[in-house]
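Given the structure of chain A, go ahead and fit chains B, C and D onto it with the hints provided.
Residue numbers (the working numbering), protein chains in the order written: chain A, 91 to 376; chain B, 91 to 376; chain C, 91 to 376; chain D, 91 to 376.
Honestly, the hints are just simulated from the structure, not real lab data. Some hints here could point you the wrong way.
Stated by the list, open to error - Example chain D residues on the side facing chain C (calculated, C-beta under 8 Å, incomplete):
no. : residue
1   : E151
2   : V177
3   : F221
Stated by the list, open to error - No farther apart than 30 Å at their CA atoms in a straight line, the calculated lysine-lysine pairs in the DSS-like style are these:
no. : chain 1 : residue 1 : chain 2 : residue 2
4   : A       : K295      : B       : K106
5   : B       : K133      : A       : K275
6   : C       : K145      : D       : K278
7   : A       : K107      : B       : K254
8   : C       : K93       : D       : K134
9   : A       : K246      : C       : K93
10  : A       : K236      : B       : K93
11  : B       : K242      : D       : K324
12  : B       : K93       : B       : K231
13  : B       : K254      : A       : K111
14  : D       : K278      : C       : K250
15  : A       : K295      : B       : K134
16  : D       : K116      : C       : K278
17  : C       : K275      : D       : K111
18  : C       : K241      : C       : K230
19  : A       : K227      : A       : K111
20  : A       : K324      : C       : K160
21  : C       : K275      : D       : K107
22  : A       : K254      : B       : K107
23  : D       : K107      : C       : K278
24  : C       : K134      : D       : K116
25  : B       : K231      : A       : K254
26  : C       : K324      : A       : K242
27  : A       : K275      : B       : K242
28  : A       : K278      : B       : K107
Note that CB positions come from ideal geometry on N, CA and C, so glycine has one too.
Each chain, letter by letter, is given below.
4 protein chains.
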Amino acid sequence: MIKQNSYVLFYYNHTKKWLQKISKNKSLHTHIGVIHHSDAIGKKYGSRIITNKDKYVYVLEPTIFDYIMKIQHGTQIVYPKDLGYIVARTGMQSGQRVVEIGTGSGALTTFAASIVKSRGHVYTFDVNEEFMKIAEKNIKKAGMSKYVTMKKMDLKTAKKIPVKDADITIIDLGDPWTVIPQARKMLKDSGAIVSICPTMNQLEKLVSSLVQNEFTDIECTENILRTIDAREGKTRHSFQAIGHTTYLCFARKAFFDKKPSRQKKKNLELKRHEPQNKIYSSAFKA
Amino acid sequence: MIKQNSYVLFYYNHTKKWLQKISKNKSLHTHIGVIHHSDAIGKKYGSRIITNKDKYVYVLEPTIFDYIMKIQHGTQIVYPKDLGYIVARTGMQSGQRVVEIGTGSGALTTFAASIVKSRGHVYTFDVNEEFMKIAEKNIKKAGMSKYVTMKKMDLKTAKKIPVKDADITIIDLGDPWTVIPQARKMLKDSGAIVSICPTMNQLEKLVSSLVQNEFTDIECTENILRTIDAREGKTRHSFQAIGHTTYLCFARKAFFDKKPSRQKKKNLELKRHEPQNKIYSSAFKA
Amino acid sequence: MIKQNSYVLFYYNHTKKWLQKISKNKSLHTHIGVIHHSDAIGKKYGSRIITNKDKYVYVLEPTIFDYIMKIQHGTQIVYPKDLGYIVARTGMQSGQRVVEIGTGSGALTTFAASIVKSRGHVYTFDVNEEFMKIAEKNIKKAGMSKYVTMKKMDLKTAKKIPVKDADITIIDLGDPWTVIPQARKMLKDSGAIVSICPTMNQLEKLVSSLVQNEFTDIECTENILRTIDAREGKTRHSFQAIGHTTYLCFARKAFFDKKPSRQKKKNLELKRHEPQNKIYSSAFKA
Amino acid sequence: MIKQNSYVLFYYNHTKKWLQKISKNKSLHTHIGVIHHSDAIGKKYGSRIITNKDKYVYVLEPTIFDYIMKIQHGTQIVYPKDLGYIVARTGMQSGQRVVEIGTGSGALTTFAASIVKSRGHVYTFDVNEEFMKIAEKNIKKAGMSKYVTMKKMDLKTAKKIPVKDADITIIDLGDPWTVIPQARKMLKDSGAIVSICPTMNQLEKLVSSLVQNEFTDIECTENILRTIDAREGKTRHSFQAIGHTTYLCFARKAFFDKKPSRQKKKNLELKRHEPQNKIYSSAFKA
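This is chain A alone, in the form it adopts within the complex (with noise of 0.2 Å):
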């Protein structure tokens, strides 16, 4: 039952919908008409009100999906289509401790922080007071807060590592390559690292930078969201596209050792990172 305070997202269809906490006074002047907040009030969520230009509204529970694609943001957030991948590939789980390096407007940080509650946690390090004071109101809007520990830090440079025994490390800086060792010792072994990366150069830069650090299991990926228009007989993918948002990179914290267990032959000579090479180097004949 929707009532005073209570959060809601007013959806009219895929590009016009409002995420609005209800006050009984007020009013929302869309361009389909004025929505008044009242008329929501005591009704069951789904429920349509309409507006006064006769236009049907729903009035939707709002889900984790609906802050993220409403959340305030002063920099470039992470789309669904790529939080849901990151979740996937690296198997983030409930319980979990995660560790976010940039925590930006705190989509991926609210996002995370809804998969790992109620036993796990977030942790989130950034260097920009301004977005982190954005990135707490958007956390706490989602209702996140409790499972969020947001810190001021610059890790590049820090001396202390804050945390340890991590499942997985989450980096979103222009320069991923630079937080690479520690991030490293904040995971727990064979932990996942990833890292959102908009360009290839980053991509390229870091791959180099993981190989050098012990890193195994790395791949890239491009991660490529259609809509499609299903109407009967007249099915097709959507007119509009949804253009490049980011790269992503992950990988498994390994040990090189260099004693091999198992030798054989005298004067083995080991390629160090063997295994990896496989992974990009297979057909390759620019």
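Below, chains B, C and D alone, put in the same frame as chain A:
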């Protein structure tokens, strides 16, 4: 520390990796040589061992991603790229109640359980006992049995609805439209429905059924995952591509009550599904 | 050398460019300033001139690409990414006879004429006189009128086939399956058929019709064009993406004669369309 | 009518097809059975013959597409999806002069010749005699030798420019930036340059070189081809996908003369490459 009976992922590269339960006398014969389980015992996760063909293999702690990619399957599984987007688009989170109609091999069941645990729960239904046995084994191996209730039941003909107030209902059937009324009854107000639809025809029929059954915020998507070989001076997309897996359809339970709350005109002619129409009709000029 | 009456493309960037016929007293008012035609006269193609807002504009010699992108259109045009693949997949070449059913705005007509000229020819048919007038103007502007015969004719009901021995027949109608028998009659042996199909439903009906009308080598495609911003140290895909335009369907005229030439068994049971089945049925496990 | 010495494509399905020169005593042994060339003689193109394993095979007249897909290659060929877009984006047409730097196996040479013939011409240069012999054979088989001039020549160090007034210059080298000044000299005013770049790094270096060498309308693209299995009631994208082939870069020859024609202010500070910047810098916030 890896011990007898620990699960490990022996990782050589993206296409050569083996999920195993450590057993001290066991050996794994692969074309990159023999891997002796005993070599892993006592080591930290992330360590590397060497085969008798002098190839390095990493011993990783399996994640939910690894369990899903190595699932024993009798049916087509839902892949991580799609699993991730289901979580992100519906806002699936720890603590929720999720219903799954069509257990299949249990990949989606396992993944959903890893998210909603430990306070949430997954209720999954299937009619094929053979698949259910496979799924049960897969769910157990990934440690998720405690958070899953599995039941043999044909929801199309079920007289009693077995679950109420679900946050999300996921349908993985060849004819998803046949269970929409039942799926609706199991959902909480404005709860989310998701359907795995490998063909365009399924999407088309499903969307019609969703509109008839009073769902809103209908969206059909396709998620494409590409991998990038990020190598210094030679960065490009991978020569190998992942083909089609499935399309996805999302919607939210609404109430198309007919009495408008703010009717101004006497002879108001309301088009029943107007807001939805907006979704798929925009700019269509086939 | 640019002269009075020369066609030029005033090029500022990818989204701001103007196709003009030079007229010495004409000025083009744009938001990047006024472009005086007279500034271009006497210059080499590729020169740059400057607007009264001090912006550089290049004066390029228009190519067929420019004419098509700047076509006046009453209907949806076929875009270069699709035009190019039609040429490549059918092997369209200089000297061929091409039939087009559905002239539309003449973009495809213009492009095909530019390829098959000067010994080849394009025969194009439409029923809408209004579109035909627009198309005629567009084809003329691009200098292709000489290589195109345009006729108002409804091929669905035509009693006489107006062209024979075409190398390629291209159909751009909402219901392409209605003209397959006529399209077949116009084609030479093993000639190619192409259809512009914006929806999946069209593809589905068309393929059925092609099989029934003895076509082989049936292939349905979708061509996605992405642009890349290649900038030193910041290379990535463009934030803007091109959405759906159309799907394409290709096939070749065959003869499903029933008398096999090398029948070994007495009771040979031949599945009529076997080789085609192979095409679309492989690995389907919906 | 198929005769002795005719080229034919024996077509079973998209992955099983054979380009052959008919020779009455020849037989082709395939896993779908033996195909006797003599069975095809006297038949119309498009007819079907039957193997000794009772499989139907169509005897098609090869198109340029077939010659290219069946080319004998020592190097990576340029695929039809990319060939098509090169033609469409540059507006390549019958009668033009095309220069190719890097003949490779001659796929692009063959395709370009089929478009520009019979009045146009392709001039192609390579340094590898072994590849050139293969290319020569491939071009000849497709009947295009007459429209192609092939020369062993290293354009990087060439003192004399062998061609002038080319409409289009296509570069297929690992280091395309090394020949931009020469390519420019061969082009007519505002003529088009195209480069085949399999890596992002090549695009990046090339674009810098193009800006320095006074090219405008620079565009980098990636063309993705997907196939669709359109079967009644089961239409979907194919499970198999085509992976990465190459990126493409396009530009047009311009003149960055410094004397503006309409200089209003005395101390006008002109940013040299301003219009181009617009292309790749829009909205970049990495």
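Review point. Which of the numbered hints above does this structure break?
Key: Violated: hints 3, 8, 9, 10, 14, 24 and 27.
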